[in-house]
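J.: One line per chain: the protein sequences are A and B, in this order.
What the first sequence shows, in this note's numbering, is residues 1 to 286, in sequence order.
What the second sequence shows, in this note's numbering, is residues 1001 to 1100, in sequence order.
Hints are computed from structural coordinates only; laboratory data are not their basis.
On a predicted model such as this, the values are computed, not experimentally measured, just so you know.
Ideal placement from N, C-alpha and C gives every residue a C-beta, glycine not left out.
Some hints could be false.
[To be verified] These stretches of chain A come out as covered by chain B in the derived footprint (C-beta under 8 Å, 3 or more residues):
1. 33–44
2. 102–114
3. 181–194
Now for the letters of each chain:
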Amino acid sequence: MTAFWILAPVMVIAALGILVVRKAVHAALLLAVVMISLAVLYAVLEAPFLFAVQIIVYTGAILMLFLFVMMIVGVDASDSVVETIRGQRAMAVVLGVGLAVVLIAGVGQLTLGTVVGLDAANEGGNIEALANILFSRYVFVFETTSALLITAAVGAMVLAHRERTGPRPTQASLAAQRVRGYAERGEHLGPLPAPGVYARHNAVDTPALLPDGTPAESSVSRTLAARGTIRNAPDLADDIEDVQRSLGGLPGGSGTPADTSAGSGHNTENPSTGTGGPGTDEEAHR
Amino acid sequence: MTDVTPYVVLSAILFSIGCVGVLTRRNAIVVFMCVELMLNACNLALVAFAKQHGNLDGQIAAFFVMVVAAAEVVVGLAIIMTIFRTRRSASVDDASLLKY
């Protein structure tokens, strides 16, 4: 029972964590904790075959599938914890606690008697004993699961397959579309501007600055914008300004924070603010 | 301890937590994870009772639950991906076209 008393609190805490964490990836990791702990409990309960199957099928296959789908779907507004129906969360918690109380009270009133144990049933090996039952008494159920698995595989392929309704766009058609957009709506013909890369973090999450000091929204990935992880160039510029002030004065004094950030781009020789990259990258847009 | 009551109680707690998760979470993937948690809780009870009664039928049942859960996850995640592709959202609140 030692393993149980160690693992049970861990499992309950991890399961409660699934309810409150905001990010789906964290929920998946907490679920992995619960499932591996369950596998250990299976081993304690004399079910070595299910111990292996639990780790291989659940933590190995199913959770990886969850993580793959999360990679494709990404992070969006559905991760928010704002409730859409008023009082739904409180009602759900009351219901859950009620269910737990009813179930535990029901179990508590039972007297199960002494554990028979699986020593006799597992004589000659747990896997052999399971196979004996599986391929005799449950052979029809076993065969039915094959139909179920085939149906699931075909269903997943049908659902995940996307039929192409139009012709595949070629490079020539994309170029023609671009030129048409320029002719009709005056859209920029060339490639999108590159983001401003500051030497303090070699990332692409800081938008480039336009000549008037405003950030160029089109210079950062839409994915980063959706995640809300875009940095503010003027904020970074404040740090750079501090460094420059400590080194003695700003080159070509400027007023607004946006302007100073643009000015800091010139200072490519300053070793503290980084060299080459940050300055030239911004220069390109000005 | 002469019986497997603690295991069954743990299973009931995990099942209730999964139930609350299905009711409160909005991300369809997390809702699915909570369904998996409930299935796992049932498996724990089945395996515990298999030991209690000295009978392997419970373990066979748990094995079949795992098979069905695997099939269910494959189809369910494919549905979530299809919905995401058409509606750009994995929230269970956004898929409400059949409501009106």
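J.: Can the stretch 102–114 of chain A be counted as covered by chain B under the rule of three residues or more with Cβ-Cβ separation shorter than 8 Å?
T.: holds (count 9)
J.: Check whether three or more residues of the stretch 33–44 of chain A sit with their beta carbon closer than 8 Å to a beta carbon of chain B.
T.: holds (count 5)
J.: Are at least 3 residues of the stretch 181–194 of chain A within less than 8 Å of chain B when you compare beta carbons?
T.: violated (count 0)
Hint check: a violation occurs at hint 3 only; the rest are consistent with the structure.
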